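Asker: First residue of the sequence shown? That's 4 in this note's numbering, and the numbers climb one at a time after it.
Simulated from the structure, these hints should not be mistaken for laboratory data. Source: prediction; values computed, not measured. Here a beta-carbon is modelled for each residue, glycine too, at the ideal position from N, C-alpha and C. Treat each hint with caution, since some may be false.
Have a look at the derived ranges for each label pair, beta carbon to beta carbon [unchecked claim]:
1. A181 to Q102: 27 to 33 angstroms
2. D192 to T90: 23 to 29 angstroms
3. D207 to S104: 43 to 49 angstroms
4. N219 to R101: 36 to 42 angstroms
5. R208 to A18: 25 to 31 angstroms
6. R171 to H136: 19 to 25 angstroms
7. S104 to Y25: 35 to 41 angstroms
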Amino acid sequence: MQARPIAGEPSPPPARLEWGTYPGIGPGAELLGRALRGRRILELGCGDGRNAAHLAGRHHAQVTAIDLIDLQTQHALEQYGLLPGLTFLTCDAMRYLRQTSTVFDIVYSIFGAVGLVDPRLLLTAIALRLRPHGILAFSIPHPQRAGTAAASGAQPRHSPLHLPDGSRRLVARWELDAAGWRRALAQADMRITAATELGHPGRDRPTALVITARRN
Numbered sequence: 004m005q006a007r008p009i010a011g012e013p014s015p016p017p018a019r020l021e022w023g024t025y026p027g028i029g030p031g032a033e034l035l036g037r038a039l040r041g042r043r044i045l046e047l048g049c050g051d052g053r054n055a056a057h058l059a060g061r062h063h064a065q066v067t068a069i070d071l072i073d074l075q076t077q078h079a080l081e082q083y084g085l086l087p088g089l090t091f092l093t094c095d096a097m098r099y100l101r102q103t104s105t106v107f108d109i110v111y112s113i114f115g116a117v118g119l120v121d122p123r124l125l126l127t128a129i130a131l132r133l134r135p136h137g138i139l140a141f142s143i144p145h146p147q148r149a150g151t152a153a154a155s156g157a158q159p160r161h162s163p164l165h166l167p168d169g170s171r172r173l174v175a176r177w178e179l180d181a182a183g184w185r186r187a188l189a190q191a192d193m194r195i196t197a198a199t200e201l202g203h204p205g206r207d208r209p210t211a212l213v214i215t216a217r218r219n
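Take the sequences, apply the hints, and build the full model.
Answerer: This is the structure:
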């Protein structure tokens, strides 16, 4: 479902794209490539729309940003709905990927659908909508952020997800380490190009894992 923009002036796009929990830590939009102008980009799980707005407003990319939660996309529209080249949709990631005919240059997810949907299904669906040699990038909660081992593969863990209204619900998460994502991506005809751990300068354990890959 396509949400409608709110009349008025759009908020200025954020100055930086954030992959982790703490602002200013780690890479920014350069992780998606140097020349983003006019690129067709899909965000899976856009939240409040800040990162999509950065790509459309600062880099002049053509961005489609989807989220399962209508409250999120409505909030994103209130802030950024009038920015050129930016479309917000309320939709399930798998449903959108199966129904769209658009081929994207870049797909990304920041604590979004990647990790919340079975990788065996989602990564294959992404690869079908990604041009050859196109980029997939995503960040997930680091599998060892609490001192536990990474998940072994097909079985998800259950952890709380914080919702916009302040409530929480248990969701299934596939918390693989870099080697696990390498194997999962290879099964979807993609190859991992980098794995980056992000955290806080004053803490020992990383809080996020950022993976970049390319379709073969």
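Asker: Hints broken by the structure, by number, lowest first?
Answerer: Violated hints (numbers, rising): 4, 6; every other hint is consistent with the structure.
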